[in-house]
Amino acid sequence: MPRRRLIYVPFWATYVFLYTPIVVLVVMSFNAGKSPYVFEGVSLKWYGELAGDDTVLHGLVNTLIVAAGSTVLSTVLGTLLAVGMARHSRSRLLDALGLLPAVLPDLVLAIGLLVFYAAVKMTLGLHSVILAHTVFGLAFVAAVVRTRLVHADTSLEEASRDLGASPLTTFVRITLPTLAPGIAAGALLAFTLSLDEFVIAFFTAAPTEPTLPIVIYSMVRFGVTPEINALATILLAVSFTVIIVAQRMTRLTESLS
Amino acid sequence: MSRTRYTRHLPAAVVAAGLALALAACGGSSTSADGTAPSAAADQLNPNADLSKQSLTMSIWPDYSPKDLPQQVQQKLGFPLKVALHDTNEMAMAKLTANADSGVDVAFVSGQYAQALNEQGLLEPLHPELIPNLANLYPEAAQLSFDKGNKFSVPYTWGTTGICYRSDLVKTPPTSWNDLLTPAPELKGKVTMMTTERWLALPALKVMGASINTTDDKQLGQAKEMLVKAKDAGMLYDDTTFGAKLDKGEAALVEAWDGWCPTTNPKIKFVVPKEGSDLWSDTMVIMKTSKNKEAAHAFINYILDPAVHSWVAENILYKVPNKAAMDLFAKNNKAMLDSNAPLQMTPAELLKGESIVDLGEASTKYTRLATEISANQ
Amino acid sequence: MTTEHDIAPPGAAARPTTGRAPRRPRALGGAAARLAFLGPGIGYLIVLLIVPLALIVGYTVFRRGRFGGVVYEATTENFTRLFDPLYFDIVVSSVRTATLTTLIALLIGYPTAYVIAGLPRKWKTIALVAIVLPFWTNFLIRVYAWVILLSGPGLVNETLTGAGLIDEPLQLLYNQGTIVTGLLYSYLPLMVLPLYAAIERLDPQLREASANLGARPVRTFWSVTLPLTLPGVLTGCVFVFVPCLGNFVIPEILGGGRSIMVGNLIRDQFLKARDWPFGSTLALAVIAVLVLLLFVQAWAARINGGAEDRRA
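Going line by line, the protein sequences match chains D, A and H. Here UniProt numbering is used: the first sequence runs in plain steps of one and ends on residue 257. Here UniProt numbering is used: the second sequence runs in plain steps of one and ends on residue 377. Here UniProt numbering is used: the third sequence runs in plain steps of one and ends on residue 312.
Bear in mind the hints are in silico, worked out from the structure with no lab data behind them. One or more hints might be untrue.
[Claimed, not checked] With a straight-line Cα cutoff of 25 Å, these simulated PhoX-like cross-link-like pairs (lysine-lysine) come out:
#: 1; chain 1: A; residue 1: 365; chain 2: A; residue 2: 218
#: 2; chain 1: A; residue 1: 82; chain 2: D; residue 2: 121
#: 3; chain 1: A; residue 1: 245; chain 2: A; residue 2: 267
#: 4; chain 1: A; residue 1: 171; chain 2: D; residue 2: 34
#: 5; chain 1: A; residue 1: 248; chain 2: A; residue 2: 171
#: 6; chain 1: A; residue 1: 67; chain 2: D; residue 2: 34
#: 7; chain 1: D; residue 1: 34; chain 2: A; residue 2: 267
#: 8; chain 1: D; residue 1: 45; chain 2: A; residue 2: 245
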């Protein structure tokens with residue numbers, strides 16, 4: 001069946017295409033030499049350099065602050081919006097508004113915010129990036145939570161209401177626990193997106209407070225290769241661990257419930 | 001029925017509320033911005049101000065100042081120094097001009113950009129009495145055409161643009177900008193030019209014998225033709241990593257700022273083409289919005305100390321317009337100076353180069369030229 | 001404030017409704033609750049999304065300030081400039097590059113998603129995670145990896161010379177093809193995921209029925225599989241096209257200053273030329289292209305709606 005086999009060609013090509021650069025990055029991060037092309041022996045030298053690089057560390061701390069701040073804001077606003085959209089509105093305009101940040105090119109949002117901050121004369125800093133990242137963060141949280149809401153059983157909420165519980169009580173004691181996995185997934189998504197976001201941060205960060213992607217952009221432009229490779233490898237290792245842990249945890253919660 | 005009413009009206013109500021909020025924010029802060037409106041008058045500064053109550057933020061290129069400068073400043077001047085980095089002049093300008101207060105006190109930008117900032121009323125006129133170390137500068141340092149007399153900027157480094165090349169990879173050493181624009185065939189794919197618009201135009205304008213500050217459309221059109229031809233012949237563009245590429249042999253002949261030409265590698269040489277070149281200067285300026293102007297002056301004065309300023313020549317191989325610092329450097333690093341031709345250029349030689357000045361409205365012509373070159377396929 | 005649902009019997013939610021979605025019960029309280037839930041999010045999006053977008057649209061009719069910002073004098077010159085061949089050609093060639101990337105992504109992504117959907121459960125999970133994983137390391141570093149791979153002494157040239165296919169290293173970097181490679185590399189997963197979701201939902205019985213009726217696999221694909229997965233195809237195309245069109249980082253890193261896209265042009269108007277009105281006009285052009293695209297998507301989805309309804 002040659003045709004059956006043929007379909008595996010693009011399949012494998014996709015993975016080779018996706019992973020060749022990553023393998024090169026990881027291997028070259030352990031290179032003892034400075035050349036990005038010739039492997040001259042195993043060394044952890046570049047990891048040492050990276051650990052002592054204050055600019056990278058400063059960027060990392062800033063990125064974590066931004067990601068944490070925007071995740072908290074996005075989760076609160078996004079969850080409320082999702083519940084509101086699923087339970088209190090049928091407006092298609094509202095649906096479109098909720099989707100807009102996800103389909104808008106990041107560059108357009110970035111310059112819009114740059115212009116907006118200038119118009120209201122807001123001083124830039126980490127707060128301006130947090131506010132900016134929350135725009136798309138809340139949209140993604142709302143989308144994820146809504147998927148969960150659509151599939152959720154509403155009879156509990158109604159029962160709670162019928163028994164005389166206030167809307168607030170119903171929301172806190174019934175709706176929120178039901179939505180918890182969706183909220184957690186949405187928060188994780190918002191955090192991840194913020195962590196790696198470059199374009200919007202590039203336009204809205206203060207010059208004194210660059211995030212890690214901004215620092216990396218500068219490193220890429222100045223061609224500090226081996227250190228970049230080490231950084232990429234660490235990021236990959238951390239992400240991989242997070243994915244495995246998240247998977248284990250979902251399996252755990254699934255088996256518990 | 002009522003459902004329709006709510007869903008129609010609620011968004012409208014929120015839109016109105018949001019707009020009100022946004023407008024309130026606009027109105028509120030524009031009043032507070034009145035105090036920082038552009039004006040040419042210098043602030044009254046207190047020469048005896050308690051610097052320990054101030055703190056300073058500077059914006060500078062990466063690796064362009066000592067890594068331990070914040071510690072030095074804290075120790076010697078008694079106030080904390082925060083370092084912000086910008087990759088290019090454009091990035092610095094974007095951040096310094098986009099918002100009312102960028103949070104930056106002292107910025108390091110090239111001369112023509114300092115001039116543009118000043119024309120916009122964003123710079124604090126310098127108080128020379130607070131910078132006694134200005135006396136260390138060469139007299140030529142006050143003759144830079146973007147700021148004669150150092151009214152709003154103090155030069156940090158200066159130099160020129162030329163051709164940096166691998167003597168082992170080129171058959172005949174370059175002497176003219178034409179050697180860059182129409183390179184020998186064996187160099188194909190190994191020649192780079194800079195993309196920052198004024199330096200992109202420089203080689204072509206110099207070949208034509210035109211001023212590098214020309215705003216004449218005919219001359220710029222001619223320059224465009226030459227640059228497009230160069231691109232068609234395989235020119236590559238690089239503003240930041242040409243030194244490393246030469247070092248690795250990935251490039252053989254590049255347009256370069258003298259200090260970025262890695263002549264520490266004995267195979268790499270630097271030449272100022274016979275048609276002449278520019279005189280560029282990276283300067284220190286104090287932002288009008290700074291609330292730490294006394295500290296800013298003390299900081300600039302500290303940089304101009306010979307022991308501090310000579311760090312630049314020793315570590316990044318840039319010439320500094322500071323006579324005392326260059327003398328100190330020459331005394332301590334004789335071998336390095338002897339082996340490095342660009343470092344030996346005298347102020348008089350440098351002044352033969354043409355300063356790039358801000359062209360105001362006409363600067364868009366250079367932006368367009370740069371776009372035309374990169375869009376050409 | 002009462003709505004019809006406040007007086008509706010509690011069991012109303014269970015009643016079948018005529019709408020497409022499961023009926024949304026709206027029994028958590030009246031207007032106050034609605035405002036409490038919807039207000040913060042909508043307010044936030046209006047201030048930090050709609051107002052900024054409105055500013056962009058508004059700025060397109062004003063003159064640039066000499067040092068950035070705008071001068072509030074009405075003008076049409078920004079639109080005149082937009083149709084200046086220099087800029088218009090860049091917009092057109094960017095659309096072309098984004099389209100090309102999207103098509104290649106579709107051609108590679110469809111069979112990939114198809115194979116993944118047919119894998120046993122355990123392998124399916126692994127294959128999907130492997131598609132997403134590259135997203136979890138920094139985007140800029142991944143793009144930069146291609147500079148290392150494709151440069152003169154890089155891996156690709158070494159392999160080709162080693163295999164005796166070429167004598168001299170090829171100039172693989174800094175051209176239109178490099179940019180497409182970088183874009184494809186960055187956004188291919190965004191094509192595979194929605195395609196996978198669409199193919200996964202497909203009822204295998206449909207294909208079997210088609211085969212049993214004597215249709216050849218190719219015909220089954222064209223007349224059954226593809227139409228049924230069209231929504232996924234359209235979503236994937238939008239997901240890939242949008243970030244490609246507005247990109248400025250990939251052309252910068254992989255284009256080596258020899259090619260630019262509309263994203264670079266917009267970025268430069270804001271960071272170099274400090275011409276906010278023209279930058280806004282270019283951004284508006286990008287938005288216009290995307291709105292057009294979304295209309296095409298909605299239209300194609302509606303034409304395909306018949307198949308959707310039959311499934312639902």
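Results of checking the hints against the structure:
1. Using a Cα cut-off of 25 Å, the hinted pair residue 365 of chain A and residue 218 of chain A holds, with the two alpha carbons roughly 12 Å apart.
2. Taken as a hint, the residue 82 of chain A and residue 121 of chain D pair is honoured in the structure, with Cα atoms around 23 Å apart against an allowance of 25 Å.
3. Pair hint residue 245 of chain A plus residue 267 of chain A holds up; C-alpha atoms about 13 Å apart against a cutoff of 25 Å.
4. For the proposed pair residue 171 of chain A and residue 34 of chain D, the alpha carbon gap of about 28 Å is over 25 Å, so the pair is violated.
5. At most 25 Å may separate the alpha-carbon atoms for a hinted pair to count; residue 248 of chain A and residue 171 of chain A meet this at roughly 18 Å.
6. Pair hint residue 67 of chain A plus residue 34 of chain D holds up; C-alpha atoms about 22 Å apart against a cutoff of 25 Å.
7. Proposed proximity of residue 34 of chain D and residue 267 of chain A is supported: the alpha carbons are some 19 Å apart, at most 25 Å.
8. A hinted pair counts as satisfied when its Cα atoms are at most 25 Å apart, and residue 45 of chain D with residue 245 of chain A qualifies at roughly 22 Å.
Violation of the numbered hints given earlier is confined to hint 4; every other hint is satisfied by the structure.
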